[in-house]
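> Protein sequences, first through last, are from chains X and D. Residues in the first sequence are numbered consecutively from 1, following my numbering. Residues in the second sequence are numbered consecutively from 1, following my numbering.
If you're looking for bench data, these hints aren't it; they were derived computationally from the structure. There could be a bad hint or two in this list.
Said to hold, decoys possible - In silico DSS-like links for lysine-lysine, alpha-carbon gap of 30 Å or less:
#: 1; chain 1: X; residue 1: Lys415; chain 2: X; residue 2: Lys487
#: 2; chain 1: D; residue 1: Lys69; chain 2: X; residue 2: Lys530
#: 3; chain 1: D; residue 1: Lys200; chain 2: D; residue 2: Lys36
#: 4; chain 1: X; residue 1: Lys535; chain 2: D; residue 2: Lys200
What the hints assert, rightly or not - Just some of the chain X residues that point at chain D, by a computed CB distance under 8 Å:
#: 5; residue: Phe58
#: 6; residue: Ile127
#: 7; residue: Ala129
#: 8; residue: Ser271
#: 9; residue: Asn309
#: 10; residue: Leu318
#: 11; residue: Val360
#: 12; residue: Phe372
#: 13; residue: Gln441
To be verified - In silico negatives: residues of chain X with every beta carbon more than 10 Å from chain D:
#: 14; residue: Asp15
#: 15; residue: Gly41
#: 16; residue: Ala209
#: 17; residue: Thr302
#: 18; residue: Leu440
#: 19; residue: Glu586
#: 20; residue: Ile589
Nothing here was measured: the structure is a model prediction, and the numbers come from that model. Note that the Cβ used here is the ideal one computed from N, Cα and C, for glycine as well.
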Amino acid sequence: MAHAHPVKRYRGIMDWLTTVDHKKIGILYLIAGGFFFLIGGLEAILIRIQLIAPEMNFLPAHTFNELLTMHGTTMIFFAAMPLIFAFMNAVLPLQIGARDVAFPFVNALGFWLFFFGGLMLNISWLIGAVPDAGWTAYVPLSGPDYGSGGVNFYVMGLQIAGIGTLIGGINFLVTVINMRAPGMTYMRMPLFTWASFITSALILFAFPAITVGLVLLMFDRLFGANFFDPAMGGNVVLWQHLFWIFGHPEVYILILPAFGIISEVVSTFSSKRLFGYSSMVFATILIGFLGFMVWAHHMFTTGLGPVANSLFAIATMLIAVPTGIKIFNWIFTLWGGHIRFSTANLFAVSFIPTFVMGGVTGVMLAVAPANFQFHDTYFVVAHFHYVIVGGLVLGLFSGVFYWWPKMFGRVLDEKLGKWFFWLFFVGFHLTFFIQHFLGLQGMPRRVFTYLGGQGWDTGNFVSTVGALLMGVGTIVFLVNIVITSRKPQDAPADPWDGRTLEWTIPSPPPEYNFKQTPLVRGLDAFWVEKVDGRKEMTPAEPVGSIHMPSGSILPIIMSIGLFIGGFGFMYANNPFDNTIISFLFENYIIAIGGVGITLFCMYLRSVNDDPGFHIEPEDQVEKGAKL
Amino acid sequence: MKSRTMAGRSALLLVMMTTLLTGCGGVFDPQGPVAKDQYFLIALSFGIMLVVMIVVFALFFYALVRFRKRRGQTGYPEQVEGSHKLEVIWTVIPFIIVMILGIITVGYTFKADRQTNIEGNLQVKVIAHQFWWEFIYSDLDVRTAQDLVVPENTWVTVELESSDVLHSFWIPQLAGKMDTNPGMTNRMSFKSDVAGKIFKGKCAELCGASHALMDFKVVTTTADEFDAWLAKMKTPVAVTAATEAGSQVFTNKCLACHAVTVDNASAGPNLAGFANRDKVAGYRDNTEAYLREWILDPEEMKPGAGMPKVPLTDQELDDLVVYLQSLK
C-alpha cells in the first residue's frame, strides 16, 4: 500500500477550528445553531413579556421593533438553517454510506461563513445599532432614510451567511449525486437524504434571489444607489418580490428536512417501512417545485391585481395536495405498527396534527380576498409559528433525540426528554393557538403595545404564559444535555432498532465512518440485512487504506476576512474620533483589506496541493474518536 | 387521553367562535358587503378545513392508540409498502377540495376588483404618513386627517398612497387591507351598511416605532349628515374673544405644519374639525388632558412621531387647548 503523506494533525481547540470532518462540522453547526436558537428564544420571551397586558412599559417601542426583527432573522437564518445543516452534516453522508461529503473544505468554509454572519448580526446589539425593519426588511423602512443604521448588520450578516448556505447546498447536492455507496440507488435513499437533497436544490435556486436583493439594498444604503427609491425611479415592490422569491422556497428549505426526520423517526419507532415511499419522494419533489410558484401569496395586499392574486392563490392551494399525501403516508406508517413512544417519537408524532393545523390555516390564507383580512395580523403569526415551530422545530427536536447517540455516543435522558416534550408542546399550543383569534379580532402583527378593551387581553396573557412554558421546557432540555454529557460514552451502535446505514457503524462513528463501504441491497438497507438474520452490512470492498482530507485553517480565516471587510464597508462613512481609524475606514482600507484576506486564502488554497492522508488498516480502530 | 384533549380543544374552539361572533369589532362582525364577502370566505374555508382536520385527527389518534406497542408484543409488524387505492384517494379528494375552494377564490377576487371600478364611487385619496392618515376628498375639495367620514350605503373607493414608508390601510369591519406603497397608487373599495358607527382602522404594515399606534377611525353617517359635515368643514370656525389668544399661539407655533382650513395642504395633519375627532394622536380619547399631554411631549405619547416638542408657556398651552377645542 502506498504510504500516507505526512500530514499535520491538530488537537484540542485547533482540531475544531481546522476540521473538515462532516461529523465535527455537524456538531459545530449544532452548537452554533443551538446558541442562536437560545438568543432568538430569549428575544421571543422579551417580546411576549411586553405584550402580556395592554400598554405595558417593559420595552420602548423602538427596542421592541429591534427585538422582533432580530427574533425572526436569528431564528430563520441562524437557528433553523444551521440546525438543519447540523443534521445534514451529521447524518446524510452516513445514510448514503459515504466517508465524507464531496467537498470537505467547502463544508468547513460554509460553516464558518454562517457563523461569522450570525456573529456580525448579533454584534449589532453590542454596538447599539440594531436592525429594526422586520426580518422581511421591507424598503423604504429598511432603506438609508429611516432607522438607526442597524439594517447594515442585517444586509452584511445575511450576505456572508448566505454564501455559506449556498456553498453548503451545492456541496450536499454533489455529495448525494456522487458519493452514494454501491447499490444505494436514488429510490433506495432514506427519506431524510431525499429531503436534504431537494432542500439543497432549493437553496441553489433560492439564495441567489436574496443575494441580489441584499446587494441592491447594500448599494442603496452604503453607496447612495436608488434601486428602491421611487423618487429616483426606483421601486419599493421590487424588494418584496426578490425577498419572497427567496423567502417562500426558504420555508420549504426549512420544512423538507423536518419532513425527512419525521419520516425516519416514525418509521423506526413503528418498526415499519415508510408507507408509500415513492409517493413520499414524489410529493417532496413536487412541494419543492411548487414552492417557487407561490411567492406572491405573501403580497396579496401589495396591489398586484386580481390576475396575479388568483394565480398565486391557486398555486398555493395546490401545495396542500402533496403535503396531504405526506400526512396520510405518515399516519399509515403508524397504522399497524408497534409504536414505541420514545422522546424522539413523541416529537415526531406530535408534529403530525400540529403541522396539519398550520397547513389548514395556510390554505385559508391562500384565499386571496380573505387574505385581505388575515394579512399582517396575528392570524399569520399563529400560522407560520405552527408550521415553523410546530413543524420544523418539533422535527428538529425529534432529530436531536434520535441522532444524539450517533453524534455524541450518549443517549439523552428519556425521562427529562419527556418532561421537555410536554412542557414545550403544551407551551407551544398555549402560545400560538389563541393568536389565530387575536388576529381575527383585529390585532395586527409587530405591534409593540395595544390598548385594553379590544378583547385582546386574555389572549395575549395566555400566549405569554405559553411562551414562558416553552422557555422552561428548553431549560429542562439544557439540563438534559449537561446530565447526559457527564455519563459514560456508551451508546450502542443501534439504540433504536434502526433501519438505515448510520446505525450500522459505532456511535460516534470513527473518522472514516465506514471501515468498508457497505453494499446496499434495498430500501432501509440495514433492515434488509436484519430481516435476513445478519447483524451487519455486507461490505462492498476489502479492508484497505482509507484516504482522508486534511484539516485546514483557511476556512475560518477566509470567513474572518469577509467579516472584517463587512465592517469596513459598513463604517466607511462613519465619523470616528480617531483620525487614523477614520482614515482607514474612509479610504476603504479596512474593507478592501478584509476582502483581500479572503482572496489571498483562496489563492493559497488554489496553489497549494492538498493530497490529504491515509488511515492504514492497523490504525482503523472500531470505536470512534472520543468527543 | 389524547382524544379527550382533542375534544377539549374543539370545544374551546366552539366557545371562542361563539363569543367572537357576538362581535367585538373584529373580522367576525362585518358591517359592509366587502367585509361580509371576506367573512363568508373565511367561514367557508374554515368549515372545509375543519372537516379535513376532523378526518385526519380521527385517523391519527386512532392509529396512535390502537397500534401502540403492547407489553410482551414481539416480532415485527407487517412491512406494508403502500396502497395504490388509498394513495389515489388521498391525492384526488384533496385536489378536488382545493379546486372548489380555488374557483370560489378566483370568483371573489375578480368581484372585489369590479367593486373597485364602480362609476360614481365616492373617491377618497388616502395618504399614509409616519404615523397618521391623511384623507383627501378629491372631488369635494376637503382635506382632513385621522377620521374618515363616509355616508352609509355609498361605495367608497380609496386611492392609497404613502409619503414615506410602507403602511397598510385596514378597516376590519368594512374592508380588508391594502398596502400604501410609496410611488404607487393602490385602490380598494368598501361600503358601510350602517350609519352612526365609528369603525376602527389600523395600520397593518410595520412602519416604524409607533406602528402600533397608527390607528384611524371610519365614521359613518347618513347622506344628510354627510352633506352637513361637508358644509361645516368648509366653513372656517370664526375666532371669538375666547379663542383669540389661542389662535395667535397656533399661528405662531403650529401653522407651519398644521392647516386649519380644509383646502390647504400641510406637513402635519389638517386640523379643521379637530374638536369633533374621536381621538388625539390617533389613539387616545380626545380629552383635554390627553391633548395637553400630547402637545407637551409628542415623543412620549407616540415614539418617533414627526411632531416636535414645541416650547410653550403654561398660558400659551391653556390658550392653545381652548382654541383647538373650538375647531368643531
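> Could you tell me which of the numbered hints above are not met by this structure, giving the numbers in increasing order?
Result: hints 4, 5, 6, 7, 17 and 18 break, sorted rising.
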